[in-house]
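Read off the chains here:
Protein chains: 2
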Amino acid sequence: MTKTEDLPSRRSRRPVSTTTLVEKAPRSHGYRRLINPFSPLRIYSDEEVERLHAAALSVLEKWGIRVMHAGARRYLAMAGALVDETTEMVRIDRTIVEQALLTVPRVVELRARNPQRSVFVGERHVAFAPVAAAPNVTDSLRGRRPGSMSDFCDFVRLAQSFDVIHLLGPSVEPQDVSVDVRHLEMTNAQVSLSDKVPWIFCRGKEAVQDSFDMVRMVHGLDEAAFSEHAYSYTVVNTNSPRQLDLLMADGVMQFASAGQLVIVTPFTLAGAMAPVSLSGALTLAHAEALATIALSQIIKPGAPVAYGGFTSNVDMKSGSPAFGTPEYVKACFGAGQLARRVGVPFRSSCVNASNAADEQAIYESQMSLWGAMLGGCNILLHGAGWLEGGLTASYEKFILDIEMLQMMAEVLQPVSASADEIALDAIAEVSPGGHFFACAHTLQRYKSAFYPPLISDWHNFGAWKEAGARTASSRATDLWQSTLDQFSAPELDVAIREQLDEYVSSRRAMRGG
Amino acid sequence: MTKTEDLPSRRSRRPVSTTTLVEKAPRSHGYRRLINPFSPLRIYSDEEVERLHAAALSVLEKWGIRVMHAGARRYLAMAGALVDETTEMVRIDRTIVEQALLTVPRVVELRARNPQRSVFVGERHVAFAPVAAAPNVTDSLRGRRPGSMSDFCDFVRLAQSFDVIHLLGPSVEPQDVSVDVRHLEMTNAQVSLSDKVPWIFCRGKEAVQDSFDMVRMVHGLDEAAFSEHAYSYTVVNTNSPRQLDLLMADGVMQFASAGQLVIVTPFTLAGAMAPVSLSGALTLAHAEALATIALSQIIKPGAPVAYGGFTSNVDMKSGSPAFGTPEYVKACFGAGQLARRVGVPFRSSCVNASNAADEQAIYESQMSLWGAMLGGCNILLHGAGWLEGGLTASYEKFILDIEMLQMMAEVLQPVSASADEIALDAIAEVSPGGHFFACAHTLQRYKSAFYPPLISDWHNFGAWKEAGARTASSRATDLWQSTLDQFSAPELDVAIREQLDEYVSSRRAMRGG
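Line by line, the protein sequences are chains A and B. Residue 117 is where the first sequence starts when you use the working numbering, and the numbers rise one by one after that. Residue 117 is where the second sequence starts when you use the working numbering, and the numbers rise one by one after that.
Please keep in mind that the hints were generated in silico from the structure rather than gathered at the bench. It is possible that some hints are incorrect.
[Stated by the list, open to error] Which bits of chain B does chain A cover? Going by a derived footprint, with three or more residues having C-beta under 8 Å, they are:
#: 1; segment: 328-340
#: 2; segment: 427-441
#: 3; segment: 498-508
[Unchecked claim] Cross-link-like lysine to any residue pairs, in silico, SDA-like; alpha carbons within 25 Å at most:
#: 4; chain 1: A; residue 1: Lys321; chain 2: A; residue 2: Asn304
#: 5; chain 1: A; residue 1: Lys433; chain 2: B; residue 2: Gln232
#: 6; chain 1: B; residue 1: Lys178; chain 2: A; residue 2: Lys321
#: 7; chain 1: B; residue 1: Lys581; chain 2: B; residue 2: Gln597
#: 8; chain 1: A; residue 1: Lys581; chain 2: B; residue 2: Arg260
#: 9; chain 1: A; residue 1: Lys433; chain 2: B; residue 2: Asp594
#: 10; chain 1: B; residue 1: Lys581; chain 2: B; residue 2: Thr593
#: 11; chain 1: A; residue 1: Lys433; chain 2: B; residue 2: Ala554
#: 12; chain 1: A; residue 1: Lys433; chain 2: B; residue 2: Arg586
#: 13; chain 1: A; residue 1: Lys433; chain 2: B; residue 2: Leu528
[Claimed, not checked] In silico contact screen, one side only, chain B against chain A (beta carbon under 8 Å); selected entries:
#: 14; residue: Val175
#: 15; residue: Lys446
#: 16; residue: Val527
#: 17; residue: Ala539
#: 18; residue: Gly584
#: 19; residue: Thr587
The beta-carbon is built from N, C-alpha and C at its ideal position, and this holds for glycine as well.
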């Protein structure tokens, strides 16, 4: 046999039996809880991390952050911060920040109404969430369009259908629902169509309170019991540079008071809202995160909070944001180092700037995903369906991302080096140049040995062409359709169902929908 | 700046100009030499690595490897191995392997005819090479077809055109050239169209000798001087399980004698030519690699050699090979650990099993690429253009991969945490809620601050749609065409040119073309 480099077709052999190996692999896609076994990558030495941390503290001490919420300023002042009510600038001494960091929980349990869906955030735990807050939605059948309630529900159904998605997200903005009552419909859909932990937007005190009430209802808890554990989560973005607005400050305070998880995420695009240098952008983000995390702990020491890394760069030709770039990846590593420095669970994202669920969308997303995982992220937002820098949620991209998340979840599974796995007997049993298809070691394991893909097609070229030469994106269309067709919502107690419906009706009347 | 690789073009910054952000970014894509600053990831503890290593040694001692080359058996016997001439089985004691490993160079310099194209393989150095040995070729204009000499030359031109490709590869099999003289045309094209280090196939002693002669000619070296440094490289695949065939054994001996780099790569598909368990497949691969590396050092102590990791899994439903799977990634990490255990430079690959340059091709390639880089690979084969499990070289995929390799090369560049980069002055200068576009710190840096992509499109959806809504794969078509259109071969001394032509003519006559 002529040997050339790595030509699989010359080496691949048909299975020995036509019956044994054709059965579906039963390996489960049940990636309900994930642990990242790998040491995070570092772009900074320990000394450099200290330098960035010290610089961020000095930003807060010397120049401060603008806090547009009078109540938040009062709390910060009571903790010792220097407040200028004219400019709304708050200067925060490092001792205040250091005191606050002492009470941040290292790990947060997010409790779902189905306890098997509860997940942990922090240390080596990893949880994945779908795209959030896209105003538009797209799929290959209906094209790109403004988000609707129907799409919102479909994305909740998709998120519920795959175990590798651990948390819900407001994937699509339901623009066909009045803003006054939108939160009611969004929360209702999440708690009705899914038994995973819901997301709540910080869009005003009343809307948050309504949503808390509905989540409490589902868990059958009064306010005091509810506030003892996290049953929901949100993201608070600072208005970088150095600004915390009214709604966001309200959100921090309300979530902290209620003991629900707040992910504090400065959105620091290097070259736009942040210095063009990576270390500058990360320093600014760190300062903003520290100030906001401090506020949460001043409100309620021990309130669950996460440190969001969302530093990327802009296209300096156009000013457009870019995602999944090399700079983005390095920012993930650096932000992870800073989050671990202050002992706060770390949030990252799986993002891209492509306009289609195409090759660019995939390589940028993969870069983001690896950046997040290697940066030691504990909670990955926008994990499935994000497109166009977050302006669109894509049904096809959602499925492509599920495949990628599942593959990543498999990478995290440990490898055994037991004698049985080293398999010296099997190696001895097979003659030189022979094959392992028929040996007992293989037959005992083959059904669950490997990850069975959802949409990857490993047929040869002829068979693939014969079957229509479909790309992965096109095959993804089939899977989101069949997933939605086969969907059935998890059971919900009839009494709770009625209680929720009544609540939504009464609040609709009150809120003006 | 920092401890880094010399990329002088990256250091220079244009003077600040009054024109704004519309000019092209001048950041260079000159990734001629790469250093991987990250610690490799581990799937095994040190103790587990020892266990696999010991198991592999016991495979060689107890059951041995079939060596189908009588001369190679003689050399191994002279070194103390136990040879059964009837079965061609060679049992190799661990002391022989351990002795051989002592002389393997930790780093190999691959010398190119343009010294700026010379690269190092080993330790933290990383070099990228294009797809090798695809029988077919495809592009979106001409479709899929058997490889030709014209395609071979085009892939050499493409490989020459991007600095991130450090070595040449026999990307396409030129099936329109008679096999007797194919090596002459392939080597001639490589040394004529490029000044990077060429690949030589192990397809018989005479063919290898002809190719060595031609590479010597280009460098103006006699055989003795040639053998003092590596000017070319090859891959030798074992016929897993436990078999080294005639051509491959000839290749190891001939390359080792001539001091040229041999990458020893067992092709161990778990579940087919290797145990279905990852630790079993890696143990078998390790045993085969050790035996073959030992042969190289017995022939010539200090001969340059690399440890090839090429363990993946099959689709257990069809027996087809799969690449870029989670198992593939973990095999990269594990093989890297074993290669470092024995102190041999580590080779990996950027591979996928997709039939099109589509989303699957990209996510599988990204998985492979990250697996390779995080596994600590020193030489990445099949880095650009590989499709269909290696059966096809794709022009579009080549360009998509170049973008991905360049992005990875950027990830490897160090980040500075100097005061200038932390940029406290810039942070202080910009008011809360303001932007950094206009500040001096930005203006001094923006032109070279970020990686400028080749084909990523960051326009907004409207602009992108207006421009034809083209996917990344479609944009890649433009770039391979323009790259080939603009190609000019590096200069080659006229006397050498004539010498090469004469050599090819005379050998053509002799070899029967």
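### Query
So which of those numbered hints doesn't the model satisfy?
1, 5, 6 and 18
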